[in-house]
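Based on these hints, arrange chain B on the given structure of chain A.
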Amino acid sequence: MSALTDLSATEIARRVGARDVSAEEIARAHLDRIAATEDGIGAFLHVAAERAVEKAKQVDAGLAAGAAAPPLAGVPVAIKDVLDIEDVPTTCGSRILDGYRPPFTATAVARLEAAGAVVLGKTNMDEFAMGSSTENSAFKPTRNPWARDRVPGGSSGGSAAAVASGMAAAALGSDTGGSIRQPAALCGVVGLKPTYGRVSRYGLVAFASSLDQVGPIARSVEDVARLAGVLFGWDPRDATSARIDVPDFPTGLDAGAGGLRIGVPWSFLEAGVDEGIMTAFRAAIDVLRSAGAELVDVALPHAAHAIATYYIVATAEASSNLARFDGVRYGLRAGHGGSGGAGEPPQLHERARIHSAREDALNHMYGDTRDRGFGAEVKRRIILGTFVLSAGYYDAYYLRAQKVRTLIRRDFEQAFATCDVIATPTSPIPPFRFGERTADPLQMYLADIFTVPANLAGIPGISLPCGFAGGLPVGLQILGGPFDEATLLRAGHAYQAVTDHHLARPPLKRA
Amino acid sequence: MARVTVETVDHVARLAHLSLTPEERETFARQLDEILAYAESIQALDTRDVEPMSHAVTSEVLRDDAPAPELPRERALAAAPDAADGLFRVPRVIGG
Chain A
1 MSALTDLSAT EIARRVGARD VSAEEIARAH LDRIAATEDG IGAFLHVAAE
51 RAVEKAKQVD AGLAAGAAAP PLAGVPVAIK DVLDIEDVPT TCGSRILDGY
101 RPPFTATAVA RLEAAGAVVL GKTNMDEFAM GSSTENSAFK PTRNPWARDR
151 VPGGSSGGSA AAVASGMAAA ALGSDTGGSI RQPAALCGVV GLKPTYGRVS
201 RYGLVAFASS LDQVGPIARS VEDVARLAGV LFGWDPRDAT SARIDVPDFP
251 TGLDAGAGGL RIGVPWSFLE AGVDEGIMTA FRAAIDVLRS AGAELVDVAL
301 PHAAHAIATY YIVATAEASS NLARFDGVRY GLRAGHGGSG GAGEPPQLHE
351 RARIHSARED ALNHMYGDTR DRGFGAEVKR RIILGTFVLS AGYYDAYYLR
401 AQKVRTLIRR DFEQAFATCD VIATPTSPIP PFRFGERTAD PLQMYLADIF
451 TVPANLAGIP GISLPCGFAG GLPVGLQILG GPFDEATLLR AGHAYQAVTD
501 HHLARPPLKR A
Chain B
512 MARVTVETVD HVARLAHLSL TPEERETFAR QLDEILAYAE SIQALDTRDV
562 EPMSHAVTSE VLRDDAPAPE LPRERALAAA PDAADGLFRV PRVIGG
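First to last, the protein sequences are chains A and B. Number 367 in the working numbering belongs to position 367 of the first sequence; there are no gaps in the numbering. Position in the second sequence (first residue = 1) + 511 = the working numbering.
In isolation and in its complexed conformation, chain A is listed as follows:
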């Protein structure tokens, strides 16, 4: 890694702010890094090089004119292709959005840019964020920078891989069931899923609206905290965004682990965790105990039902959200897309037949568009979601899952009465090889066991590197109470203050 692409987001902001290095130099160094590395990784779906240089020059011009240094001055960021940027293509990893250039910018992206960050491009992802390996992208696989025959995790796999390989100092992801934390764990970087409602979702393509949350990925907890300070906050354009004060994150980050009560749900962890991951996890919580934290045994009795609950709730919401992709307003249109000629007016008795045939033509257009536009996993989830909402099954599946969701949230409320944060491994399995789990969707879903409970409960979670198992990165997940990201960040920073796992970099290998 050249010197400039090795810098942390915090260090870049400090140096650019001090006019020690220009935002343009930083942007060009990262674009060079992309040019040299991207072929072997495949993290990006679109690199907006000209736009990035232009934005970097604006940051430099502002500083030259005497403006106060913004908190992310010149920080080069990659954006998951689920977030809109005006006039930059959004695909969501799907063919159905072919050619779509949104007419607006997501609030999360706008906040980063207003804080001086420079967007480098859009990153690869599982189609519509449905997946845990980025293999469901309609366009290409993304390779894990630590082991290129393995997946980077997903669905924010491109964002995690871009940050891990030094192509971006930080990135945005979205997390519906672990899609920020799990790829962060598999790529050896830090990913934060904020509390539901903490970050505006205006301009985020919706997957499951009661679960989706936008969050940052970077190489250290300190960097993630810096981005969180910019991203968090109320947005009148998102009705689910919370009007709750945002703490000044750098303050309190250094408070250490002393006095922190860390809950460990030991019985939940018996669900089956890779041995090497479990060893790294035990070592990580021992480090926190040595740093002054107290370990507490907590119970999450309903967490074992989280996968079943999640795949009912999330697919139900997805089947509704994805109804908008119908070949009318944006993206792909397939089949008989013509508007029909005028011709001679038909006789009365002919009209009923023609009307029905025309309805069929419209329905065929919808069906053909969605058949050609959506990949297998998206279709599978739409069908499952439509099924659990359909007459006769709603009560037994969807309504019941919503009730179990309440039980899962109560588990956390009770646990947080006796601890400040909860620690688990982020993923029960290490990065797997391409194709290893694609044939069996249920096996793929089961690997989300430690991340989905936080989405169901609406609480924040962070994943940070805690070592390696068989040469592959392992993630430590820390969960917190609603709107208590500050304690997560404090715990994570305390860990990184006494360990160096987050400083490890994947081997350099030119494509």
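In short, the hints are calculated from the structure, not lab data. Using N, Cα and C, we set each Cβ at its ideal position, and we do this for glycine too. Incorrect hints may have been included.
Unchecked claim - Reference listing, derived: stretches of chain A covered by chain B, where coverage requires no fewer than 3 residues with Cβ under 8 Å from a Cβ of chain B:
(1) 99-110
(2) 301-314
(3) 324-333
(4) 364-372
(5) 379-392
Frame of chain A, contents of chain B only:
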């Protein structure tokens, strides 16, 4: 428990406006049957007197009901596969 057959998949695919190939119908029927068999575990839980949770946000936040400029019509139509006269165009369904 519910058994997912090819006919179930066909019915649901129609509801969801999805055209499927014969292979997809077979595969999805088998996979969805497995997934729902796994999800059966929640049927054993006692959920009497448990309120369903639809959302993690407890206080509904409504914005002011005030008109404000939004997307101009031509911007909203720019991404459409077929648009004319300021409208989205679809295959003809009515009139004649």
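These are the hints, each one checked on the structure:
{"no.": "1", "hint": "99-110", "in the structure": "holds (count 6)"}
{"no.": "2", "hint": "301-314", "in the structure": "holds (count 8)"}
{"no.": "3", "hint": "324-333", "in the structure": "holds (count 8)"}
{"no.": "4", "hint": "364-372", "in the structure": "holds (count 7)"}
{"no.": "5", "hint": "379-392", "in the structure": "holds (count 8)"}
Checked against the numbered hints given earlier, the structure satisfies every one of them.
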